[in-house]
Structure formats: structure tokens, C-alpha cells
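S.K.: Here is what each chain is made of, one letter per residue.
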Amino acid sequence: MTAQHVISADSHMMEPADLWIERVDRKFGDKVPRVIKGDKSGYVFIAPGLPPFPVAGGFAAGRSGEELKEFMKRGQEEGYITARPSGWDPVERIKDQDVDGVQAEVLYTTLGMSLFGLHDADLQRACFKGYNDWLAEFCSYNPKRLIGTALISLEDIGEGVKELERTAKIGLKGAMIWGAPPRERPYTSKEYDPFWAAAQEMQMPLSLHVITGKKPPKSEEERKKIRVARDQSFVRGYMNLIHEVQRSLTDIIFGGVMMRFPKIKIVSAENDTGWIAHYMYRMDHAFDKFGALMEQPLDMKPSEYVRRNLWATFQDDPIGPMLFKFFGDSNFMWASDFPHTDSTWPNSLKVIEQDFQGVPADVTRKIICDNAAKLYQIDLN
Amino acid sequence: MASQQVISADSHMMEPADLWQTRLDSKFRDDAPKVVPNEKGSGYLFVAPGVRPFPVAGGFGIGKSGQELKEHLKKGYEAARPSGWDPAERLKDQDIDGVQAEVIYTTLGMPLFGLDDADLQRACFGVYNDWVAEFRSHCPPRLHPIALISLEDIALGVRELERCAKLGLKGAMIWGVPPEDKPYHSEIYDPFWAAAQELKLPLSLHVVTQRNQKGKGKGVATLGGARFLMGTMGPVYQVQRTLSSFIFGKVFERFPGLRIVSAENDSGWIAHFMYRLDHMYDKFGTMTEETRLEMKPSEFVRRNVWATFQDDMIGPMTHKYFGENNFMWASDFPHTDSTWPNSLKVIEQDFQGVPEDVKHKIVFENAVKLYNIELN
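So the sequences go chain by chain: Y and C.
Residue 117 in my numbering sits at position 101 of the first sequence, and the numbers go up by one each step.
Residue 1086 in my numbering sits at position 25 of the second sequence, and the numbers go up by one each step.
Just so you know, the hints here were simulated from the structure itself, not pulled from any lab data.
Do not take every clue at face value.
Unchecked claim - Calculated cross-link-like contacts (lysine-lysine; reagent style DSS-like; alpha-carbon spacing at most 25 Å): (1) Y:Lys89 <-> C:Lys1344; (2) Y:Lys281 <-> Y:Lys160; (3) Y:Lys85 <-> C:Lys1357; (4) C:Lys1381 <-> Y:Lys366; (5) C:Lys1344 <-> Y:Lys56; (6) C:Lys1406 <-> Y:Lys341; (7) Y:Lys341 <-> Y:Lys47; (8) C:Lys1095 <-> C:Lys1136; (9) C:Lys1135 <-> C:Lys1125; (10) C:Lys1344 <-> Y:Lys366; (11) Y:Lys390 <-> Y:Lys341; (12) C:Lys1125 <-> C:Lys1088; (13) Y:Lys390 <-> Y:Lys281; (14) Y:Lys317 <-> Y:Lys206; (15) Y:Lys305 <-> C:Lys1406; (16) C:Lys1125 <-> Y:Lys317; (17) Y:Lys305 <-> C:Lys1125; (18) Y:Lys305 <-> C:Lys1136.
What the hints assert, rightly or not - Cβ-to-Cβ under 7 Å is the rule here; a few derived chain C residues that face chain Y: (19) Ser1126; (20) Ser1305; (21) Asp1343; (22) Met1348; (23) Asp1373.
Here a beta-carbon is modelled for each residue, glycine too, at the ideal position from N, C-alpha and C.
Please construct the entire structure, taking both the sequences and the accompanying hints into account.
M.R.: In C-alpha cells form, the structure reads like this:
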């Protein structure tokens, strides 16, 4: 595995506790999201209408089971002291890339993920803009190794287009949108067409990342509940997390978005890959049987849109690479998920070696490096 | 392929239009599920109290797709193959397809899993179970019907399960998805799991048999259309949720001999589902007693779960990871999705690259073992 170039197509920033207090207009006052130390809960990220999020989950790279339990406890008590500074310091970030043997990373938000659930559109746009500026500054330290993904609010499509154009100009290479839009505004709706058109025109990949869906407003009681990785409903729920983005993709495909915008690039981020081959089979099967009954039939098979317009990141899911002959050699992108709990850091090269057993070297190279380099036009030299 | 032995682990009956009208106890007659002409459109609808009307021709749209299917859905029983209710005809249709035996599920009974009236549901299921036992008696080695069990009342469910075992039925269908307030990991079901384990009767979670049937009271169910197609992954999500409930709710720990069959939910997603279960468990599951299991989640799947599929070639592709002993090929005869009369051809195509011995297990032996099928 020496001399092997590796790009992580899905890694994360760890935003400073006061990022939005510093960067969002004062007119929003107390509504601005921030990290606080609660009485019982320790350090949590709070934002209007959202359940408090224990920040330590954002920097538990390389831990699991008992060790994770201890770490989460310490993180809740001590907060950012337990985090690696590479979450906000680009100099440190490059060092942590080197520790893991990774040449470049496509960078996603951490705390910004839950902000996709904000119900105040003005506040959301202000927060996303503050983040985008901060991220662009971070990436400017080493643009070849730090590839930033913007946050775009689609509460107002016109504003979304404007922010997408602005973030492209400041050097960001892709954009996150809701992993699942509000139920009454599915991605099948033509209101999004100006945005799809802009992304296609600018060749900006759009990412649907796990846990970035917008949910109906929660009750006061539900909001007070702190998310903990403790009970059975959590472990069952983890299995269903990826359904959210799968549903959005199904809407995008059968809703004809990829037919109307043949060059659009959609990225499924951190939703694994092992399900995609079957998903393609199942959509084609349904389309062969029932497609002629559609109001506006598609002009290709669903799987053909997937092959042309969809990319997918994954960490240690060995089933995706196993099925590369059916799909994935040009569309899968390995990721480390640094510095989150699920991360393969600092053992990424070892994990890759293990999970790609039986996969030809040229296919492995595409999945762990070339596909991301191509999609994001990353210059490795 | 000439000597290829094949069992379909998921085929269907097509109930006569008046099955429940003629067989239900007189006190239920007014509410009896029945088939009526579609007054607002064409074709015939299956109707039952509180259940969304269902166009019956969907139950025998075998080999049809696209425009042809659209026309077919306007038809009634004249378009059905009599093998849906006539066992002599059934054996002929098995021969046409090169199939030695079938595990046979209901068709019209599926929406009845959504009935609100528990008494009516039990009565309907009892009638069905008697009828299929008669059907089976024509040729027990080749006809293996699956019973319908209502779990609205657990004790009555146990009794009916025992009765069905005596009638010679080889397995039982329960809700594919139980009511939200009565998940399968609730201990109220334990007497039923104990009975199924004791009787060695596999329990099936079949597609579209959930307690809460979507679109209730929304008029006739429609096939096709973009919205319908967007729901195509829905059944897979449902069975994943139900299996997670069995695993993390420790049902398989309490009942190590329990056999759960995922029916008609494909097979290509299971390897990834198992990977994700284990990944999550390694990270988060061992943190508390409540979530700690005595084996890895995937080990429960290997021990306690079987899955039927038709022309999903992704499942067989993952056989090295899972499925060699747990996948069971099915024809889905006589439904729209069926591979009949080309099953052998479909099998040959979908199992390319799969070793012969593994293929033999998946298309034949696994079902023989699970259901104790004796062909000779």
C-alpha cells in the first residue's frame, strides 16, 4: 500500500464553540447557535427548535464500545479540550492527514448538520454564510489538500442559487443541501429546477449527507431530550438513518431531475455503499414492470441515471467494493469520516487494505483516490 | 439445466372471489371480504371493512409488464389461471415452469392483515387455513401452503398455530409490521415465539402484510405512476425495521430456535444490512446492558433469518458473505412479479458466477431443509 494516494471524500470540520456568535449578525441575538455547558448534560450544541447535541460525538475518532463511553463522558465534562485541534486549525489538519496517510480530504461540517433542521430561514442562511466564509479561509491554507463543501439553504431557491455562486467564487468545491427536504416540498418539485441548473452549470457536486434532513417541528418535550447512544431505540434507529437519503435519491431519480439535468452530480455522503447495487436492481425491476404507467416516463433505466449522476462515499463497508463489478468502480469514494466516532483514522490504510481484499488494484485506486480527484478536480501534484 | 431441481419458496394462491362469503360463519357474512365489480372504473376489486380496495387482476398479472399490464388490470377472474385454486391445475403449472414444489402464500389474505376487527380477522384466517389444507391434501409433497395467523390476541394466535401444524401447514404468516404500540420485541409475544420454536414452524414476514396499511380510506389502490415507483424501496425498509426489532429486542436471544422468513423483500440488501448492524454494534451497542447482545447481530441473522427472492441477482452475488444457507429462490407465481414460465432461464441468468453447489442450495435445498419437504 506504499505510494498509494488516498483521498478521504468525507471528512469533517469541528467548528469552534463560538463560531456563529463571532460570525452571525448580532440582530439574531440569543437565537444564534452555540456550544454551552449545561448543568447535567455537559457541553452541548444548541440552536432554536433543535434537540441539544453533545459535542463530544463530533471528535471521538478511533473509539468504540467501553472506550467511547468513557470518552463521551469526559468530552461532556471537559468539552473541546478533548478534541483534536485539526478540527479548526489547518496546520494541525495537514499533520493529522499525514498521520493517517491521507493526501487530501473533502471537508464537511459537523455542527452544521443539525442546522439543516432549523425552521428560521433567515437564521439558517446567516449561519450557513458564516460557516462558508470560515471554511473558505480554512481551505485557503492548502487548497490542494483541503477541499471544502459549502452549506446551502434551500428555504428560498433564489437565495440558494446566489449563495452557491458565491461559495464557488470563494473556492469551495461542492455543496450540501438537505439530505431530505421538508415533506411538503419534495425534490421532485420543479421549484428546485433553477438550483439544479445552477449546480449543473457550475459543475458543483451536491451532497446529501446522512442526518441532514429537515423534520417537522418538535414539541417542547422532545426538544429537551438529549441524544444519547444508549438505548435500544438508538441502535434500531441507526439502521434507519440511511433511509432518509435513499428516499431523497428515489425522488430525484423517478422525479426526473437527472433526466432534466443530465450533468448534475449528486453525492450520497456517509450512507454506505453496500445497498446501492440492490437499490439499482430494485428500481429497474419496478421500472420495467410499471414504468410505462408513469405520467412522465423516464428516458433511461433508473440504474443508468445512477451510473451517470450519482457518487457515494463510505468508510469501512466492505459490501460496496465486493459488488464493484455491478456498480461502483467509477462512483464509489472511500472516506475516513475524520474526526467523528465512525472514523477509520488513524488506521485508514489498514482498513482499506482489509476491505478491498479481492478487489483489483486499479479499481481500488479509483475508489480510494481517482474518483474523488476527478469529481472535485483535485490536483494532487 | 435439465436435471436442476427447483423449489419456489414463495408462490401464491389465488382465492376464489367468494371464498369468505361461502365459508365464514353466518354472523360475519355481512362483513365478509369479497370481490365486486369496480363501479367507477373497470375490472374487479377485492373489498373488506376498512381495507383499501385492491384490483384483483394484480394477483394474476403474471408475465405482464408495461402497457400490457395496464390493460390486464382491467380484467376479472376470466383472466386468471385456475391453478390459483385448483390443485390439479397447479401441478401442471409447476411442471410447465420446471418447479418440483412450492411454498404457497395467500394473495387476497395479505390486505386482511390490515383488518381492524380482530374477530373478523381470526375468522377469515381460520377459513383460509382450512381451505389451503384441503388444497394441499391433493399432493402433499409438492404443495406447501403457509397459514395466516392473527396476533391481535396472542393466546388465540398460539392455538391457531397449533391447529395449523396439525392440518399439515408448513409455516405461518404474521404481520409483516406489527402495530406501532406493539413491536415484536415486546414480551407479550413471547408465548407465540415459544410455540413457533417448539413446533418448528417458520414465521414469515411477507411484503404488504403490515398492520397499518397505507392509504386506508384513500380509494382504490393504484399500481404504476411516479409516486408508486418512488415507494419501491418501502417494503425493504419495513422488513429491515422489523428484523432490527427482533435482533436488538433480544427475541432471537430468548428463542434461539426461532425461524423468521423475509418473504418477497429481495436479498441483495441483506449483506450490507448485516455489515451495518455489526458496525453499529461494535461502536455503540456494547455501551450498556440494555443493548448488549450475546453474539454479533449478524450472527443472529445467520442463525435465525431466511429470505426469499425472485430475480434479484445481487443476493447470489454476495453469497460468500451471506446467503448460501439462508437464501431461497422463489417464482412468486402467479403474481405480476413472477418469473413463470421462464424460471429456469431466469435462474440460469441470475446465478452466473455462483458455484453449482451454492446455487443448488439456494434454489432447492435450503427450502427443503427449512420446511422438511419430502419429495419422494
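S.K.: Given the proposed pairing of Lys281 of chain Y with Lys160 of chain Y, does the C-alpha separation stay at or below 25 Å?
M.R.: With Cα atoms ~21 Å apart, Lys281 of chain Y and Lys160 of chain Y stay inside 25 Å; holds.
S.K.: Do the alpha carbons of Lys305 of chain Y and Lys1136 of chain C lie within 25 Å of each other, as the hint requires?
M.R.: Given that 25 Å is the threshold and the Cα spacing comes to 18 Å, the pair holds.
S.K.: Keeping to a limit of 25 Å between CA atoms, is the pair of Lys1095 of chain C and Lys1136 of chain C held or broken?
M.R.: Answer holds: Lys1095 of chain C to Lys1136 of chain C is near 16 Å, not above 25 Å.
S.K.: With a cut-off of 25 Å on the C-alpha distance, tell me whether Lys1406 of chain C and Lys341 of chain Y pass.
M.R.: Holds. Lys1406 of chain C to Lys341 of chain Y sits at ~22 Å (cutoff 25 Å).
S.K.: Is the hinted pair Lys341 of chain Y and Lys47 of chain Y satisfied, with a Cα-Cα distance of at most 25 Å?
M.R.: violated (50 Å)
S.K.: Do the alpha carbons of Lys390 of chain Y and Lys281 of chain Y lie within 25 Å of each other, as the hint requires?
M.R.: Since the Cα atoms of Lys390 of chain Y and Lys281 of chain Y sit roughly 12 Å apart, the hinted pair holds (cutoff 25 Å).
S.K.: Taking the closest Cβ pair, is Ser1126 of chain C under 7 Å from chain Y?
M.R.: holds (5 Å)
S.K.: Checking one constraint from the list: CA of Lys305 of chain Y to CA of Lys1406 of chain C, max 25 Å. Satisfied?
M.R.: Given pair Lys305 of chain Y, Lys1406 of chain C holds - Cα atoms ~18 Å apart, limit 25 Å.
S.K.: Is the straight-line distance between the alpha-carbon of Lys1135 of chain C and that of Lys1125 of chain C 25 Å or less?
M.R.: Roughly 13 Å between the alpha carbons, so the hint for Lys1135 of chain C and Lys1125 of chain C holds.
S.K.: Should the hint that Asp1373 of chain C touches chain Y count as held when the rule is a Cβ pair under 7 Å?
M.R.: holds (6 Å)
S.K.: Would the hint linking Lys89 of chain Y and Lys1344 of chain C be met if the CA-CA limit is 25 Å?
M.R.: holds (15 Å)
S.K.: Between the alpha carbons of Lys390 of chain Y and Lys341 of chain Y, is the straight-line distance 25 Å or under?
M.R.: The hint holds at about 20 Å.
Consistency with the previously given hints fails for numbers 7, 12, ordered from lowest to highest.
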